[in-house]
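Asker: Sequence:
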Amino acid sequence: MPAEIRTLTGEELTAALNDLARLRISVFRSWPYLYEGSLEYEAGYLQRYARTEGAVIVGAYDGSRLVGAATGEPLGAELEAFKTPFLKQGLDPENVFYMAESVLDPAYRGQGIGHRFFDEREAHARRLGFGEAAFCAVIRPDTHPLKPVDYAPLDPFWRKRGYEKLEGVVVTFPWRDVGENEETDKPMQVWHRNL
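Numbering-wise (numbering that gives the first Met the number 0), the sequence shown opens with residue 0 and increments by one.
Check each hint, because a few of them may be wrong.
What the hints assert, rightly or not - Derived pair list, reagent style DMTMM-like, types lysine to aspartate or glutamate, alpha-carbon separation capped at 25 Å: (1) Lys146 / Glu166; (2) Lys164 / Asp184; (3) Lys82 / Glu100.
To be verified - Per label pair, the in silico range of CB-to-CB distance: (4) Ala14 / Gly75: 23 to 29 Å; (5) Glu163 / Arg47: 38 to 44 Å; (6) Ala49 / Ala122: 33 to 39 Å.
Source of the hints: derived by calculation from the structure; they are not laboratory data. The beta carbon of each residue, even a glycine, is placed where N, CA and C say it ideally should be.
Could you put the whole structure together from the sequences, leaning on the hints where they help?
Answerer: And the structure:
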């Protein structure tokens, strides 16, 4: 049975944050993010969606279980580390909707849910009056020892959706990699499209 897609804002968004935290820890542990997350950190990090006007979670549900989620919020409400590279390129963060993260349980991949995540977030952004959308993808070296031999980057999927890399626009964000004791800054390539 295909997952049910629900667009969550307000109280529904807030109610989904704990499930989103668990899902992020599980999915982002894999390549290329290699994220060693904790529920304590996630609880604080995800609260920004509850506080931000215009934030959205597009959830994929199997019954009452959250099996996938994509988040977004106005870029103007994002962390300075995410806004500054846009400003340096002459882009106005107030006109950009930031597609923050997409996580999907591997058992539910290949069913078109990734497209629905983009469709629903882009529609939400347009309803709010945004003319542009952007997201970031972590940059890992091809020689990284944990890179799976069968890994296929999502670049073709993103290009098919109308996104292109903003050359030279890279943000950094710290997290702890699997098996490491300290956070390190990770470079992330910005992808962008006009809505």
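Asker: Work down the list of hints and note, for each, if the structure agrees.
Answerer: Results of checking the hints against the structure:
A C-alpha spacing of about 24 Å is found between Lys146 and Glu166, which places the hinted pair at or below 25 Å, so the restraint holds. Restraint check for Lys164 and Asp184: satisfied, since their Cα atoms lie roughly 20 Å apart, inside the 25 Å limit. The suggested pairing of Lys82 with Glu100 holds, with an alpha-carbon distance near 16 Å, which does not exceed 25 Å. At roughly 25 Å, the beta-carbon separation of Ala14 and Gly75 lies within the given 23 to 29 Å, and the hint holds.
Restraint check, Glu163 to Arg47: a C-beta distance of roughly 27 Å breaks the suggested window 38 to 44 Å. For Ala49 and Ala122, the hinted distance range of 33 to 39 Å is not satisfied, since their beta carbons lie about 21 Å from each other.
When the structure is compared with the earlier hints, violations turn up for hints 5 and 6 and for no others.
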